[in-house]
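J.: Sequence:
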Amino acid sequence: MSESLRKSTITIVNDTGFTMKYIRAHAAHGVFDGKPSPNGNNKAHYFFPDEIEQGGHVEFTVKNKFGVAPIGPQGYITYYILDGQQPTTIVTVDYNHPFGPTHSSYDVSFSNEEDNNKVFIGSEIKEPQEPVGHEQTVKITLVGQEVVKKETA
Numbered sequence: 820m821s822e823s824l825r826k827s828t829i830t831i832v833n834d835t836g837f838t839m840k841y842i843r844a845h846a847a848h849g850v851f852d853g854k855p856s857p858n859g860n861n862k863a864h865y866f867f868p869d870e871i872e873q874g875g876h877v878e879f880t881v882k883n884k885f886g887v888a889p890i891g892p893q894g895y896i897t898y899y900i901l902d903g904q905q906p907t908t909i910v911t912v913d914y915n916h917p918f919g920p921t922h923s924s925y926d927v928s929f930s931n932e933e934d935n936n937k938v939f940i941g942s943e944i945k946e947p948q949e950p951v952g953h954e955q956t957v958k959i960t961l962v963g964q965e966v967v968k969k970e971t972a
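If you want this note's numbering, it's the position in the sequence shown, counting the first as 1, plus 819.
Mixed in with the good hints, there may be bad ones.
In silico lysine-lysine, DSBU-like type, Cα no more than 35 Å apart, as pairs [claimed, not checked]: (1) Lys840 - Lys968; (2) Lys968 - Lys826; (3) Lys862 - Lys937; (4) Lys945 - Lys854; (5) Lys862 - Lys826; (6) Lys968 - Lys958; (7) Lys884 - Lys854; (8) Lys937 - Lys968.
Quick list of simulated restraints, FRET-style, between CB atoms [stated by the list, open to error]: (9) Phe918 - Pro947: 19 to 29 Å; (10) Gln904 - Gly952: 40 to 50 Å; (11) Lys854 - His953: 19 to 29 Å; (12) Lys854 - Lys937: 31 to 41 Å.
Hints listed in this document are in silico derivations from the structure and should not be mistaken for laboratory results.
Ideal placement from N, C-alpha and C gives every residue a C-beta, glycine not left out.
Construct the entire structure; sequences and hints are all you get.
T.: Okay, structure coming up:
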């Protein structure tokens with residue numbers, strides 16, 4: 820079998836108002852299929868770009884790999900959201916495209932750095948909302964705003 824039974828092409832669009840800096844990517848199940856677009860030159864980063872400027876994007880494909888059990892691609896990609904050169908927030912995009920009758924999921928989480936006096940309140944726009952089929956194409960636009968934490972007396 821040379822064809823993938825489960826494949827996802829994921830586009831992450833940076834509409835946060837800030838530059839995003841690569842932290843890590845991990846394929847818990849399956850593999851990254853080729854280089855992302857645009858791509859970086861660091862093999863240890865799976866060729867993901869080191870930075871995604873405001874208004875920029877990265878598109879990548881993940882697929883299952885054949886083995887003893889049929890398992891669809893599952894993993895994540897993580898970036899810092901930078902305020903200048905200061906990382907204020909970590910954004911993680913999780914993907915899970917299982918073989919069974921379970922629905923696929925593409926989830927985003929934002930976690931703010933504890934020692935920062937600002938909070939990034941983020942959300943995402945996912946298209947389509949409920950991806951279906953063996954081969955899926957998903958666009959995730961990251962949006963949000965940064966606010967200053969209030970001083971407590």
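J.: Take a quick look at whether lysine 968 and lysine 958 sit within 35 Å of each other, Cα to Cα.
T.: 31 Å, holds
J.: Starting from lysine 840, check that the Cα of lysine 968 is at most 35 Å away, please.
T.: 23 Å, holds
J.: Would the hint linking lysine 862 and lysine 937 be met if the CA-CA limit is 35 Å?
T.: 33 Å, holds
J.: Is 31 to 41 Å right for how far apart the beta carbons of lysine 854 and lysine 937 are?
T.: Holds: the Cβ-Cβ distance is about 34 Å, inside 31 to 41 Å.
J.: Does the beta carbon distance between lysine 854 and histidine 953 stay inside 19 to 29 Å, or does it fall outside?
T.: 23 Å, holds
J.: Would you say the C-beta atoms of glutamine 904 and glycine 952 sit inside 40 to 50 Å of each other?
T.: 41 Å, holds
J.: Does the Cβ-Cβ separation between phenylalanine 918 and proline 947 fall within 19 to 29 Å?
T.: 20 Å, holds
J.: Assess, step by step, whether the Cα of lysine 945 is no farther than 35 Å from the Cα of lysine 854, and give holds or violated.
T.: Cα-Cα ~22 Å, so holds.
J.: Taking 35 Å as the top limit, are the C-alpha atoms of lysine 862 and lysine 826 close enough?
T.: 22 Å, holds
J.: Has the given pair, lysine 968 with lysine 826, been kept, meaning a C-alpha gap of at most 35 Å?
T.: 41 Å, violated
J.: Measure nothing beyond the straight line between the CA atoms of lysine 937 and lysine 968; if it is 35 Å or shorter, mark the hint as holding.
T.: 5 Å, holds
J.: When you check the alpha-carbon spacing of lysine 884 and lysine 854, does it fall within 35 Å?
T.: OK: lysine 884 and lysine 854 at ~16 Å, within 35 Å.
Checked against the numbered hints above, the structure breaks only hint 2 and satisfies the rest.
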